[in-house]
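**Q** Here is how the chains run, residue by residue.
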Amino acid sequence: DGGITQSPKYLFRKEGQNVTLSCEQNLNHDAMYWYRQDPGQGLRLIYYSQIVNDFQKGDIAEGYSVSREKKESFPLTVTSAQKNPTAFYLCASSELHYNEQFFGPGTRLTVL
Amino acid sequence: EDQVTQSPEALRLQEGESSSLNCSYTVSGLRGLFWYRQDPGKGPEFLFTLYSAGEEKEKERLKATLTKKESFLHITAPKPEDSATYLCAVQAGGSQGNLIFGKGTKLSVKP
Chain A
3 DGGITQSPKY
13 LFRKEGQNVT
23 LSCEQNLNHD
33 AMYWYRQDPG
43 QGLRLIYYSQ
53 IVNDFQKGDI
63 AEGYSVSREK
73 KESFPLTVTS
83 AQKNPTAFYL
93 CASSELHYNE
103 QFFGPGTRLT
113 VL
Chain B
84 EDQVTQSPEA
94 LRLQEGESSS
104 LNCSYTVSGL
114 RGLFWYRQDP
124 GKGPEFLFTL
134 YSAGEEKEKE
144 RLKATLTKKE
154 SFLHITAPKP
164 EDSATYLCAV
174 QAGGSQGNLI
184 FGKGTKLSVK
194 P
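Chains as they are written, first to last, in our numbering: chain A, 3 to 114; chain B, 84 to 194.
Don't read these hints as lab results, they were simulated from the structure.
Treat each hint with caution, since some may be false.
Partner residues aside, some chain B positions facing chain A, computed with beta carbon under 8 angstroms [what the hints assert, rightly or not]:
#1 Arg114
#2 Pro127
#3 Phe129
#4 Thr132
#5 Tyr134
#6 Gly137
#7 Asn181
#8 Leu182
#9 Phe184
For glycine and all other residues, C-beta sits at the position ideal for the given N, C-alpha and C.
Chain A with its partners taken away, still in its complex shape (with noise of 0.2 angstroms):
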């Protein structure tokens, strides 16, 4: 079946450390995005990758860092930087950037 993967599916992180999200797609896609969700506020734009190597900040990439190695991968680093980390993160894909986006399962991240 073709989609996009996420892992873990619950991430919990201590103060000063940095975790990474996984995102994989299997759906030939060129783009891939990552969103962080909260309650009550729209989905918001972290970080996007039109094609391999190349990667564009979002609205809110402060606190995070992602690479594009490979076509199918696309994680995302949530560094020390980043404030207020909890919430759920996920990822997307489409096919090019201007076409729909389908999204993975999410990561729900908390910060203890």
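Here the structure of chain A is known, so what remains is to put chain B in place on it, guided by the hints.
**A** Frame of chain A, contents of chain B only:
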């Protein structure tokens, strides 16, 4: 500034009671409007893309329509399994073309 507003925030319906969800937008040059369904604790599920005013798309009990200022998601004879949060997003033309999401409408359908 590009903006998306969804109303109402929450909607309670009885099974079989048809209604509509609204998504109003201000964007410089609409490239596309997207509807998603999101169940609690899950990722959004793609429903429809609309590109131009007057366009309509249907899927089972759902029908999405688009005007120059808003989109409606009509739900006909809803069932309890239609309960979810429905998200609307717009994509502006231009070099970035990132999606701008509304906050969603939480729909509850009671048997």
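**Q** At a threshold of 8 angstroms, is the proposed contact between Asn181(B) and chain A supported by beta-carbon distances?
**A** holds (6 angstroms)
**Q** Would you check whether Tyr134(B) satisfies its interface hint, that is, whether its CB is within less than 8 angstroms of any CB in chain A?
**A** Cβ of Tyr134(B) sits 11 angstroms from chain A, so the hint is violated.
**Q** Just to be careful: measuring from the Cβ of Arg114(B) to every Cβ in chain A, is the smallest value less than 8 angstroms?
**A** holds (6 angstroms)
**Q** Have a go at the Phe184(B) hint: is there a Cβ in chain A nearer than 8 angstroms to its own Cβ?
**A** Cβ of Phe184(B) sits 4 angstroms from chain A, so the hint holds.
**Q** Please check whether Thr132(B) passes as an interface residue: C-beta within 8 angstroms of a C-beta belonging to chain A.
**A** holds (5 angstroms)
**Q** Under 8 angstroms is the threshold here; is the Cβ of Gly137(B) close enough to any Cβ of chain A for the hint to stand?
**A** Gly137(B) check fails; min Cβ-Cβ to chain A is 20 angstroms, beyond 8 angstroms.
**Q** Closer than 8 angstroms between Cβ atoms is the bar; does Leu182(B) clear it against chain A? Give me holds or violated.
**A** holds (7 angstroms)
**Q** Go through the hint on Phe129(B) and say holds or violated, using the shortest Cβ distance to chain A against 8 angstroms.
**A** Hint on Phe129(B): holds, closest Cβ of chain A at ~5 angstroms, below 8 angstroms.
**Q** Minimum Cβ distance from Pro127(B) to chain A below 8 angstroms?
**A** holds (5 angstroms)
Going through the hint list in order, the structure does not satisfy hints 5, 6.
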